[in-house]
Amino acid sequence: MRIALFIACYNDVLFPDTGKAVTAVLERLGHTVEFPMAQTCCGQMHYNTGYRREADSLVGAFNDAFRGYDAIVTPSGSCGGHVRHHHKTETAPNVYEFSEFLVDVLDVTDVGAYYPHRVTYHPTCHSLRLLRVGDKPLRLLRAVEGIELVELPEAESCCGFGGTFAMKNSETSVAMLQDKMDNVRKTGAPTLCASDNSCLMHIGGGLSRIKSGVRTLHLAEILAATR
Amino acid sequence: MSRDEVNVVWLGSPTFPKAAHDALQDDQLRRNLKHATTTIRDKRLRAVAELDDWETLRLAGSQIKDRVMRHLDTYLLQLEASVTAAGGVVHWAEDAREAKQIVSDLVRAMGATEVVKIKSMATQEIGLNEELDDDGIEATETDLAELIVQLNHDRPSHILVPAIHRNRSEIRDIFRREMGKHGVPAPDDLTDEPRALAEAARVHLREKFLRAKVAISGANFACADTGTVGVVESEGNGRMCLTLPETLITVMGIEKVLPSFSDLEVFLQLLPRSSTAERMNPYTSLWTGVTPGDGPQEFHLILLDNGRTKTLADTAGRSALHCIRCSACLNVCPVYERTGGRSYGSVYPGPIGAVLTPQLVGIGTSDHADSLPFASTLCGACYDACPVRIDIPEMLVHLRAKVVDAHRGGLPKPEALAMKGARMVFGSPRRLAWAERLGAIGGRVAGIGGGRWLPGPAKKWTGARDVPVPARESFRAWWRKAGRR
Ligand code: SF4
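Here the protein sequences come in this chain order: B and R. If you count by the working numbering, then the first sequence holds residues 178 to 404, one letter each, in order. If you count by the working numbering, then the second sequence holds residues 35 to 519, one letter each, in order.
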């Protein structure tokens with residue numbers, strides 16, 4: 178199986194460690210992965226903000242970059258969801274969010290990870306309702322050795338990020354963030370995990386601003402951790 | 035802005051982010067909203083889980099509505115014929131002004147100076163009460179929550195629970211202050227016990243029911259084949275309006291027509307569970323024309339367009355007309371939960387308001403309407419809750435594109451420039467790699483000291499959130515350096 182990494186533009190620049198973690202997990206499971214250098218951006222931000230013309234012009238380039246792969250794996254639920262739903266191209270159906278790929282395609286839940294800490298998990302909206310990943314990320318986390326998973330109250334309510342919503346309606350966004358942070362702190366977990374860095378950037382930015390001591394970590398990074 | 039300048043009343047208030055600002059300052063409002071929405075959200079989930087064919091019902095509902103929209107002209111003409119045959123009179127109103135004129139003329143022809151009303155969003159949409167008031171006719175809302183809102187000269191903030199933003203003691207104060215000005219006053223020793231409040235309303239309204247010669251209602255459904263019109267409600271006050279007066283005037287949006295009487299089976303299951311989380315609503319009133327010696331002896335049905343055929347013309351936007359006003363999408367919406375309904379600036383709040391109002395008013399005609407499609411994080415909870423499967427997130431994005439396109443040309447806004455810039459950078463991997471290096475340096479400089487307060491538009495982010503510092507080395511650069519290709 179030819180596997181391509183679709184890292185997503187903001188991960189590339191801001192969260193390269195997530196990409197490295199995805200690579201590490203897949204290689205540990207015995208797979209060879211490729212990173213098509215021609216990839217840039219899937220156009221989700223443009224599309225969701227109403228700049229459809231600009232978004233459309235990125236679709237062809239995406240398709241060219243990823244043509245010929247059996248699976249295109251991404252650590253971003255929202256970018257993965259966007260491509261699968263809105264790119265009407267031959268590559269679109271081959272795009273998988275990381276947890277989906279592990280559980281549905283590779284059929285593994287135990288990836289041999291070790292993370293002896295208390296963790297709480299926030300299911301991001303696009304993974305949940307656009308891709309319907311269900312409890313796959315949680316099944317992966319439960320299989321991690323040493324982990325103590327604590328349930329996040331009101332887990333399924335949106336964190337308030339919403340891409341450009343965080344700027345256009347920043348006050349509403351922050352009010353939602355506030356509730357999410359309160360719930361995270363109620364768990365007492367020092368680590369908040371999610372499978373999308375965009376939401377984590379928003380929640381983590383808030384948690385860091387209030388000096389909560391809680392850190393945010395992408396699912397892939399927990400799954401990549403070993404003894 | 036004068037009332038006639040916009041089809042949908044109240045737009046002319048500030049744009050959504052500004053209106054939300056005020057709501058967000060009001061702690062009491064936020065607590066009331068959170069309590070109410072969370073309670074009904076959980077109840078709805080339980081009510082829906084009781085039916086093992088819920089998803090099939092939703093699909094049936096959405097298919098019936100699809101068919102209605104494809105053949106709206108046919109069904110409306112059929113409805114007109116059936117209602118006429120049953121002794122009713124059908125009027126067609128192209129816009130708010132026409133509809134108000136028809137109602138006002140009818141009421142005056144009866145020589146009436148007061149009317150009782152049962153919950154009708156269509157009449158709120160066109161600003162009927164204000165119009166009647168100008169013509170010297172006093173309209174009394176008889177739905178309890180509507181009455182509270184009306185007495186307080188307030189605006190509804192929820193489709194189903196218009197006074198969701200008021201708590202019990204606020205309601206007691208409103209009753210004590212206002213009831214006497216319009217009829218039977220509230221007792222001096224009125225407490226904030228729900229029973230006492232309901233009793234005060236009952237006494238106040240009873241006098242009106244017994245006196246009014248004309249009633250005005252909305253309609254949840256109208257069946258084309260039989261001419262039957264229906265209203266569902268919880269209090270029975272609607273039933274009083276629909277049966278006691280001599281004349282009944284129903285104002286109905288043209289999208290409410292259903293092909294046949296048997297379609298009610300689907301919607302009478304979908305609606306109550308989605309809206310009040312009940313298996314069945316307490317009162318379902320159905321009437322077909324007039325019956326000599328029983329109920330109103332004159333029945334007028336006003337079919338209101340007011341932007342609906344324009345909405346119908348957009349195949350990607352038209353399913354907003356499928357809405358059966360159950361309010362489930364409001365109750366699950368995290369944005370609505372924080373801001374309340376009035377920030378949406380129209381009678382239709384929440385997710386459905388964000389897609390329906392701009393279409394009824396017309397994209398590009400009002401700053402407020404244009405701000406509504408952006409009042410969402412696209413979290414998708416509304417779509418999952420909607421009993422007729424309206425894909426609200428997808429429609430929001432569609433309308434955003436229309437808003438953006440309506441504002442293209444002229445001087446580009448900073449946002450448009452940023453989007454163009456990003457498109458340019460993303461257009462080539464080489465430009466991206468170059469921009470990444472530049473960004474990493476700039477970003478690290480901005481991040482020095484850990485303060486991370488950025489100026490300009492970025493303040494909207496850094497006001498409450500730190501910014502991530504770009505990594506020293508992008509993933510792309512790492513991959514290349516590691517000699518992986
Ligand atoms: S859009 Fe759907 S969920 Fe919202 S009020 Fe209308 S029918 Fe109910």
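None of these hints come from the bench; they were simulated from the model. Watch out, some of these pointers could steer you wrong.
[To be verified] Output of the computed footprint for chain B on chain R, the stretches with three or more beta carbons under 8 Å from beta carbons of chain B:
hint	region
1	122-133
2	178-188
[Unchecked claim] Within a straight-line C-alpha distance of at most 27 Å, the following computed BS3-like cross-link-like pairs (lysine-lysine) qualify:
hint	chain 1	residue 1	chain 2	residue 2
3	B	Lys388	B	Lys363
4	R	Lys68	B	Lys345
5	R	Lys515	R	Lys447
6	B	Lys345	R	Lys454
Where is the CB? At the ideal position from N, CA and C, for every residue including glycine.
Okay, the hints, checked on the actual structure:
| no. | hint | in the structure |
| --- | --- | --- |
| 1 | 122-133 | violated (count 0) |
| 2 | 178-188 | violated (count 0) |
| 3 | B:Lys388 to B:Lys363 | 15 Å, holds |
| 4 | R:Lys68 to B:Lys345 | 23 Å, holds |
| 5 | R:Lys515 to R:Lys447 | 39 Å, violated |
| 6 | B:Lys345 to R:Lys454 | 18 Å, holds |
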